[in-house]
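2 protein chains.
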Amino acid sequence: METATETTLKKLERLLQLETSEELISFIDGLNSHEIVYIMSHLNREDQTQLLTRLTPENAASLMEELPEQQAAEIVEDMRAADAAAILNEMPSDEQTDILWELESEEAEAILSLMDPEEAADVRRLIDFDPDTAGGLMVTEFLSFRENQSVRQIVADLKRQKEAYARLHIKYIYINKANGEFAGVLQIQDLLLADPETRLSEIIIPDVITVPIDFHLERLVDFFHTHDFYGVPVIDQEEKMLGVVLRKDVLEAWADQTSFDHLESQGIVGGEELRTMPLFARAKNRLSWLSINIILNLIAASVIAFHQDTLSSVIALAVFLPIISDMSGCSGNQAVAVSMRELSIGAVKSGEAFRVWMQEIGIGLVNGLSLGFLIGLAAFLWKGSMMLGLVVGGALAINTIVAVSLGGTVPLLLKHRGVDPALASGPILTTITDMAGFFLALTFASLSMAHLAHL
Amino acid sequence: METATETTLKKLERLLQLETSEELISFIDGLNSHEIVYIMSHLNREDQTQLLTRLTPENAASLMEELPEQQAAEIVEDMRAADAAAILNEMPSDEQTDILWELESEEAEAILSLMDPEEAADVRRLIDFDPDTAGGLMVTEFLSFRENQSVRQIVADLKRQKEAYARLHIKYIYINKANGEFAGVLQIQDLLLADPETRLSEIIIPDVITVPIDFHLERLVDFFHTHDFYGVPVIDQEEKMLGVVLRKDVLEAWADQTSFDHLESQGIVGGEELRTMPLFARAKNRLSWLSINIILNLIAASVIAFHQDTLSSVIALAVFLPIISDMSGCSGNQAVAVSMRELSIGAVKSGEAFRVWMQEIGIGLVNGLSLGFLIGLAAFLWKGSMMLGLVVGGALAINTIVAVSLGGTVPLLLKHRGVDPALASGPILTTITDMAGFFLALTFASLSMAHLAHL
Chain D
270 METATETTLK KLERLLQLET SEELISFIDG LNSHEIVYIM SHLNREDQTQ LLTRLTPENA
330 ASLMEELPEQ QAAEIVEDMR AADAAAILNE MPSDEQTDIL WELESEEAEA ILSLMDPEEA
390 ADVRRLIDFD PDTAGGLMVT EFLSFRENQS VRQIVADLKR QKEAYARLHI KYIYINKANG
450 EFAGVLQIQD LLLADPETRL SEIIIPDVIT VPIDFHLERL VDFFHTHDFY GVPVIDQEEK
510 MLGVVLRKDV LEAWADQTSF DHLESQGIVG GEELRTMPLF ARAKNRLSWL SINIILNLIA
570 ASVIAFHQDT LSSVIALAVF LPIISDMSGC SGNQAVAVSM RELSIGAVKS GEAFRVWMQE
630 IGIGLVNGLS LGFLIGLAAF LWKGSMMLGL VVGGALAINT IVAVSLGGTV PLLLKHRGVD
690 PALASGPILT TITDMAGFFL ALTFASLSMA HLAHL
Chain Y
270 METATETTLK KLERLLQLET SEELISFIDG LNSHEIVYIM SHLNREDQTQ LLTRLTPENA
330 ASLMEELPEQ QAAEIVEDMR AADAAAILNE MPSDEQTDIL WELESEEAEA ILSLMDPEEA
390 ADVRRLIDFD PDTAGGLMVT EFLSFRENQS VRQIVADLKR QKEAYARLHI KYIYINKANG
450 EFAGVLQIQD LLLADPETRL SEIIIPDVIT VPIDFHLERL VDFFHTHDFY GVPVIDQEEK
510 MLGVVLRKDV LEAWADQTSF DHLESQGIVG GEELRTMPLF ARAKNRLSWL SINIILNLIA
570 ASVIAFHQDT LSSVIALAVF LPIISDMSGC SGNQAVAVSM RELSIGAVKS GEAFRVWMQE
630 IGIGLVNGLS LGFLIGLAAF LWKGSMMLGL VVGGALAINT IVAVSLGGTV PLLLKHRGVD
690 PALASGPILT TITDMAGFFL ALTFASLSMA HLAHL
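Residue numbers (my numbering), protein chains in the order written: chain D, 270 to 724; chain Y, 270 to 724.
None of these hints come from the bench; they were simulated from the model.
Treat the hints with caution; some may be incorrect.
One copy or two, either will do: identical chains are not told apart, so a pair holds if it fits within one copy or between any two.
Said to hold, decoys possible - Under the rule of at most 20 Å between Cα atoms (straight-line distance), these lysine to any residue pairs were calculated in the SDA-like manner:
(1) K652 x I563
(2) K618 x E275
(3) K618 x K652
(4) K684 x I697
(5) K440 x S413
(6) K509 x D459
(7) K652 x D426
(8) K428 x I457
(9) K509 x A433
(10) K431 x P465
(11) K509 x L412
(12) K431 x D459
(13) K553 x S639
(14) K440 x I457
(15) K428 x L412
(16) K618 x N301
Just chain D, same shape as in the assembly:
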């Protein structure tokens, strides 16, 4: 079965063969964002570049805006600097900055020197800001007037510059004092309902909440949860307005952050991996985490090596050690997932590890007894030894309590110490629970060796 999108791809490849670009442009114009990500992920670099240079810069810019930042940056990296500059000129300031931020500084410089000087100056100012702060997220394109102007003047100006303003998606108009300090926000509907001679200062909303340049993404998410605003003005230390952080950009950055946390928790480090990236870069990113993990695994398994004598007398235990390891890991990871979620919505603070531990111990008891009973029953049914069932069931029951205790608290403790819990919680958890599980099972076995030997 050929999907709609495969057809899209074939059609595109045909259009790329044509001499003229008109059909190509109107074809790309009709695609939605998923289709754009799809085709760009299926073209080779040469075709990607050919496509972008044959579109108008405006069209190429709106296509690039649909792609994940890293992918967009990689494509820009391989384009001629002049072509890249023409496309970047047409993007909003936050997207320009995001892409140039991903490049090596010489490459970024080469493109900047070929861009529109005004756009380039904006980017140079913005690129120093952390992309996860108000400064990095804001757009610098906004509409502003002085508070001593009248409604009539503004409306006349809006009418005169209708087309230039159309690109700004005006939702609010920002008003400054005569000395350049930020004064407040004007809603279009208030402009509509006011008498033409009214001064702006009379109808603006003066006590507008603003944020400083280093206001962090997490706090912006919180801000937009609390306030149903379209955007929030960003103010410098002299009370001058620098830009607007839009709600949509904050929510998109946050969704990306959540995805990256998930990728990180599975050991995809150093940002996103897309399968269009070069093989060795992808392998290296995954391996950097795996190679730490294999060392942790060897440390955990050394517990087994120290009990080799016990194991050689009760070889049946070897069947249960991987089960104890895997099941404890699962229980612990459930607790990690709940803690990460509670941290992200604010239901728990990083300092409350003790409280969370108390809440996990109950679950550890219930689930530990249930799982211990199940695995103990399996051991009993297999070898007919009640003692073997008690040893493996007891070890799993106790280790489940260990696992949920660690899983619930480790993310909080890491966060409290400023370590990223998405990346580190998993490996720490599995190493310790593996060691504890192997130790419990093998120690219980050696204590009851008389009843177990040669099972």
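Since the structure of chain D is provided, determine the placement of chain Y on it from the hints.
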């Protein structure tokens, strides 16, 4: 160290003791959304209910809107129906529906019968829609006029009803034809810039994209990625406008969906778990997944049981079996995470398993050889046996290729068959890679038994 939020909690508990509610109301009014989630997650049910009933219904409604839906629904469930109805009256239609959707139908009915009849009628109409579709996500509060009216008439009406309209956060005005069919959208700025005698039909944007009532969340996310709109009108089969799906509601629902997928992939099933929920409900939700997992683990471990003779001759292998299991699981889960991410942004379609497989095999080779070499070296250094190194290293190398192949393709294959990949990919992956890993290591060992015995 006492955090700011603990102080908040203590202050709140003091205010709850007071006779009058004024201080309490202004205190709650000043909290941000994280602080609200925090305090509600730390109060017992009795205090939660007391707090909500002492606030004004408007205040209580805006507090409830900050909470995760499930938590809000549980609180509503335990309130007197009349109190709940008063609070729900003050919420936008989509939030009313989300909360009542979570309740048993009799409980929801009891509350609906006490709500404002108009609000209740709205909810009854909306509650039949799947919450992940346009019908379930839309708000029914919007501003609409007929296209044959003039700009002057609309402006006069807006001035007259200023206060009633203020609640609607007007960004767009929706225009209907004389027969009630949807005609188009009017931007406030166009109202401002037009001549007062202009008919609305002349200044509306007529070719507005609309969505049907069953348009799915995933497609809405895609829609708002492609189109920089504040909201999109929802239309029934007779072309009548039913409501507006707002971009912010779509992005929030999507962020929730992503979090839930992550929770599900770690075995938190049946929706979100918050630690304020009752112990046994939490334990049961986690256990339902763990108990399937333990059976899968027993199946995988049965491979070891079948090779017990090999193992008792080469007891050193028992140290490496859990490592092979864990490392293969990690490699496979990395591939799962990349596939889930690529599916979600549209870089890959569910029918492209073969293509993804080809892209994973290269990584499997590079990482398999690296990891196999590391573990083989460890085995050689420990026991001085080259053959033991080859057996465990070879098994891990091959099994890494198996793991990334499965990890990359299983999510696509599941999605292609309509199964939720977040929930099922992990258990399927680990079971098969465990079996393959144990089989490879034990078979290689039995084939080279002459060089391995009694290590």
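Hint-by-hint comparison with the structure:
Within a single copy, K652 and I563 get their C-alpha atoms only as close as 33 Å, which misses the 20 Å cut-off; across copies the closest is 18 Å, which meets it. With identical chains, the CA atoms of K618 and E275 are at most 20 Å apart between copies only, with a shortest distance of 9 Å across copies and 48 Å within one. For a Cα distance limit of 20 Å, the shortest separation of K618 from K652 qualifies neither inside one copy, at 48 Å, nor across copies, at 48 Å. Proximity of K684 to I697 under the C-alpha cut-off of 20 Å is restricted to the intra-copy arrangement: shortest distance 14 Å within a copy versus 32 Å between copies.
Proximity of K440 to S413 under the C-alpha cut-off of 20 Å is found in both arrangements, the shortest distances being 12 Å within a copy and 19 Å between copies. With identical chains, the CA atoms of K509 and D459 are never at most 20 Å apart, being 24 Å at best within one copy and 29 Å at best between copies. For the identical chains of this complex, K652 and D426 are neighbours neither inside a copy (89 Å) nor across copies (84 Å), given an alpha-carbon limit of 20 Å. Taking identical chains as interchangeable, the C-alpha atoms of K428 and I457 lie at most 20 Å apart whether they share a chain (13 Å) or sit on different chains (13 Å).
Taking the closest pair of Cα atoms, K509 and A433 never come within 20 Å of each other, the shortest separation being 23 Å inside a single copy and 34 Å across copies. In this assembly of identical chains, the alpha carbons of K431 and P465 lie at most 20 Å apart whether taken from the same copy (18 Å) or from different copies (18 Å). In the homo-oligomer, the alpha carbons of K509 and L412 lie at most 20 Å apart inside one protomer (14 Å), although the nearest pairing across protomers, at 35 Å, exceeds that limit. In the homo-oligomer, the alpha carbons of K431 and D459 lie at most 20 Å apart both inside one protomer (18 Å) and across protomers (10 Å), since each shortest distance falls under that limit.
For the homomeric pair K553 and S639, the shortest alpha-carbon distance between copies (10 Å) is at most 20 Å, but the shortest distance inside one copy (41 Å) is not. When the C-alpha separation of K440 and I457 is checked against a cutoff of 20 Å, the pair qualifies both within a copy, at 7 Å, and between copies, at 9 Å. When the C-alpha separation of K428 and L412 is checked against a cutoff of 20 Å, the pair qualifies only within one copy, where the shortest distance is 14 Å, while the shortest distance between copies is 25 Å. In this assembly of identical chains, the alpha carbons of K618 and N301 lie at most 20 Å apart only when taken from different copies (15 Å versus 40 Å within one copy).
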